[in-house]
Amino acid sequence: MQATGATGMSLEEEAKLVYGVVFSLRNLVSKLSAKPGSDGFISYRTSTYKLHYFETPTGLKFVLNTDPHMESMREALRTIYGQIYVEYVVKNPLMRQLTQSGVHPVQNDLFRGNLQRFVRSLPGFE
Amino acid sequence: MLHALLIINKAGGLIYNRDFTDGLAKLTTNEYLVMAGTFHGVHAITSRISPVPGSSGMEVLETDTFKIFCFQTLTGVKFLLITDPSQPNADATTRKVYELYADYVMKNPFYNPEMPIRIELFDSNVQKLVRQTNATG
Chain R
1 MQATGATGMS
11 LEEEAKLVYG
21 VVFSLRNLVS
31 KLSAKPGSDG
41 FISYRTSTYK
51 LHYFETPTGL
61 KFVLNTDPHM
71 ESMREALRTI
81 YGQIYVEYVV
91 KNPLMRQLTQ
101 SGVHPVQNDL
111 FRGNLQRFVR
121 SLPGFE
Chain W
1 MLHALLIINK
11 AGGLIYNRDF
21 TDGLAKLTTN
31 EYLVMAGTFH
41 GVHAITSRIS
51 PVPGSSGMEV
61 LETDTFKIFC
71 FQTLTGVKFL
81 LITDPSQPNA
91 DATTRKVYEL
101 YADYVMKNPF
111 YNPEMPIRIE
121 LFDSNVQKLV
131 RQTNATG
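Here the protein sequences line up with chains R and W, keeping their order. Start counting the first sequence at 1; every next residue gets the next number (the working numbering). Start counting the second sequence at 1; every next residue gets the next number (the working numbering).
Simulated from the structure, these hints should not be mistaken for lab results. Please note that a few of the clues may not be correct.
[Stated by the list, open to error] Below are the DSSO-like pairs computed for lysine-lysine, each with C-alpha atoms no more than 27 Å apart in a straight line:
| # | chain 1 | residue 1 | chain 2 | residue 2 |
| --- | --- | --- | --- | --- |
| 1 | R | 61 | R | 91 |
| 2 | R | 16 | W | 10 |
| 3 | W | 67 | R | 31 |
| 4 | W | 26 | R | 35 |
[What the hints assert, rightly or not] From chain R, some residues computed to sit far from chain W (all C-beta separations above 12 Å):
| # | residue |
| --- | --- |
| 5 | 8 |
| 6 | 20 |
| 7 | 21 |
| 8 | 22 |
| 9 | 23 |
| 10 | 53 |
| 11 | 56 |
| 12 | 58 |
| 13 | 79 |
| 14 | 91 |
| 15 | 94 |
| 16 | 108 |
| 17 | 113 |
| 18 | 123 |
A quick note: this is a predicted structure, and the numbers were derived from the prediction, not measured. Beta carbons: idealized from backbone N, C-alpha and C, even for Gly.
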């Protein structure tokens, strides 16, 4: 379920591409959608993977790559945001200081550990 | 319900687009051209950022109001079908559109490859296919 390193490019380069794809698709979908204020796209699928997308009201974007046959992971991403990210990153006073001084990747063992445990508990994880 | 059909040539140019319902926002021709170009680029990147090697480009895009099915032929032409989120096997429909394209566009001696498609027979046959599909489900 982890996307790191498998593409043969650096994590930074990959992150930029993923952000570009997600950003473009979000714009494309909102332009095409007749209902204003719909919350972007849910997922896309290729022959080998499925990318699930979830955006919070504050504009944080959560992306999860899975097997192409997985059902919607929207609820799982919402849980990761509400019960793991908010609990262990947002409520951590040290993290907030770090993120205010620029963009820092989340390096928080409690967050990582809980995320790891949650993802492993999802149906379909082998 | 099929909402729209777009055909994008191998360079990312929009060569055909038709709306079949009012289910989508009305876009200008220019906006459609930009959309086709964007999709073309994103499609290429999605196969690069695959966690598993040897991925195709994007095949299905899901949103809460519609789905986009994309079928890329061996020659690089992309058929985009925008449907209702509940539309079953639109994949098969993209293949049928490809057949119509082969029969009525590629076999037309007056058609210039890579150029916009303005062929009445293709139009009417696509309309017929869409009407059939929308009537059954």
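Hint check:
Taking the CA atoms of residue 61 of chain R and residue 91 of chain R, the gap is about 18 Å. The hint holds against a cut of 27 Å. Distance restraint check for residue 16 of chain R and residue 10 of chain W: the Cα-Cα separation of roughly 25 Å lies within the 27 Å cut-off, and the hinted pair is therefore satisfied. A threshold of 27 Å between alpha carbons decides the hint, and for residue 67 of chain W with residue 31 of chain R the separation of about 14 Å falls inside it, so the pair holds. For a cut-off of 27 Å, the pair hint linking residue 26 of chain W to residue 35 of chain R stands: about 11 Å separates their Cα positions.
Not every beta carbon of chain W lies more than 12 Å from that of residue 8 of chain R, the smallest distance being close to 8 Å; the non-interface claim is violated. Against the 12 Å criterion, residue 20 of chain R falls within the reach of chain W, whose nearest CB is about 7 Å from its own CB. With a closest Cβ-Cβ approach of about 5 Å to chain W, residue 21 of chain R is found to fall inside the 12 Å limit, against its non-interface label. Remark: the non-interface label on residue 22 of chain R conflicts with the geometry, its nearest Cβ contact in chain W lying 9 Å away (cut-off 12 Å).
With a closest Cβ-Cβ approach of about 10 Å to chain W, residue 23 of chain R is found to fall inside the 12 Å limit, against its non-interface label. Its closest Cβ contact with chain W, about 10 Å, brings residue 53 of chain R to no more than 12 Å, contrary to its assignment away from the interface. No Cβ of chain W approaches the Cβ of residue 56 of chain R within 12 Å, the least distance being about 16 Å, so the stated non-interface status holds. Annotated as non-interface, residue 58 of chain R keeps its C-beta farther than 12 Å from every C-beta of chain W; the closest such distance is 20 Å.
Taking the minimum C-beta to C-beta distance to chain W, about 19 Å, the non-interface status of residue 79 of chain R holds against the 12 Å cut. The claim that residue 91 of chain R is not at the interface with chain W holds, since no C-beta of that chain comes within 12 Å of its own (minimum 30 Å). At roughly 31 Å, the least C-beta separation between residue 94 of chain R and chain W is larger than 12 Å, which holds for a residue marked as non-interface. Separation of residue 108 of chain R from chain W is adequate, the least Cβ-Cβ distance of about 23 Å exceeding the 12 Å criterion.
Consistency note on residue 113 of chain R: stated as away from chain W, and its beta-carbon is indeed over 12 Å from all of that chain's, at 22 Å minimum. Once the 12 Å rule is applied to beta carbons, residue 123 of chain R is consistent with being away from chain W; the minimum gap is 19 Å.
Hints 5, 6, 7, 8, 9 and 10 from the list above are not met by this structure, while the remaining hints are.
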